[in-house]
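Chemist: Listed here are the chains, written in short residue letters.
Protein chains: 2
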Amino acid sequence: MKIRVEVFLKPGVLDVQGKAIEAALGGLGFQGVTDVRVGRVITFDSAAADKATAEAEAKAMADRLLANQVIESYRVEAA
Amino acid sequence: MKIRVEVFLKPGVLDVQGKAIEAALGGLGFQGVTDVRVGRVITFDSAAADKATAEAEAKAMADRLLANQVIESYRVEAA
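So the protein lines, in turn, are chains A and B.
Using this note's numbering, you'd call the opening residue of the first sequence number 1 and step up by one each time.
Using this note's numbering, you'd call the opening residue of the second sequence number 1 and step up by one each time.
The hints are simulated quantities; they were obtained by calculation from the structure and are not laboratory data.
Please note that the accuracy of each hint is not assured.
All copies of an identical chain are treated as equivalent in the list; a pair is satisfied when it fits inside any one copy or across any two copies.
Subject to a maximum C-alpha distance of 20 Å in a straight line, what follows is the list of computed SDA-like cross-link-like pairs (lysine to any residue) [stated by the list, open to error]:
(1) Lys2 with Tyr74
(2) Lys19 with Thr43
(3) Lys2 with Phe30
(4) Lys59 with Gly26
(5) Lys10 with Arg40
(6) Lys10 with Ala60
(7) Lys2 with Ala20
(8) Lys19 with Arg40
(9) Lys51 with Phe30
(10) Lys19 with Arg4
(11) Lys51 with Glu6
(12) Lys19 with Arg64
(13) Lys51 with Thr34
(14) Lys19 with Val7
(15) Lys2 with Val41
(16) Lys51 with Gly32
(17) Lys2 with Arg40
(18) Lys2 with Thr43
(19) Lys59 with Gln17
(20) Lys10 with Val70
(21) Lys2 with Ala60
(22) Lys2 with Arg75
(23) Lys59 with Asp45
(24) Lys2 with Gly12
(25) Lys10 with Val41
(26) Lys59 with Gly29
(27) Lys2 with Leu14
(28) Lys10 with Arg75
Isolated chain A, as found in the complex:
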């Protein structure tokens, strides 16, 4: 089963990558681009028997390794 974990900085945490991209896009002539945020997506194949188990496992992985919960939040999807 394919699992997707999406990790984003929490609202309010300064996104320096996003700010850098926003400035660079402005420099390239792209106008009207605001609130740029950069996140990670981690996808993998899970051998879990069912969707609920796979999602629970992926949440445990995010809690322990994939996200830094002090500054990041995440969302898990099984497909």
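Knowing the structure of chain A, use the given hints to seat chain B on it.
Modeler: For chain B alone, coordinates are given in the frame of chain A:
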């Protein structure tokens, strides 16, 4: 309008972050996790007048700045 650009390494390009995560998850006792791939998501607000324009602009941004097309592919979504 909210735009999402998702950037992934092309299939066949070694994903070193993915391999590192796979090894680390194994070390934490998560079994049955394979084919870990790591990508980026860039989201932003576009001031473009309609969805088609916003998507075309986002593709131009990805071509010029957001993705390295030698090794990465991307997907644009307007929401």
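Chemist: Determine which of the earlier numbered hints do not hold for this structure and return their numbers in increasing order.
Modeler: none
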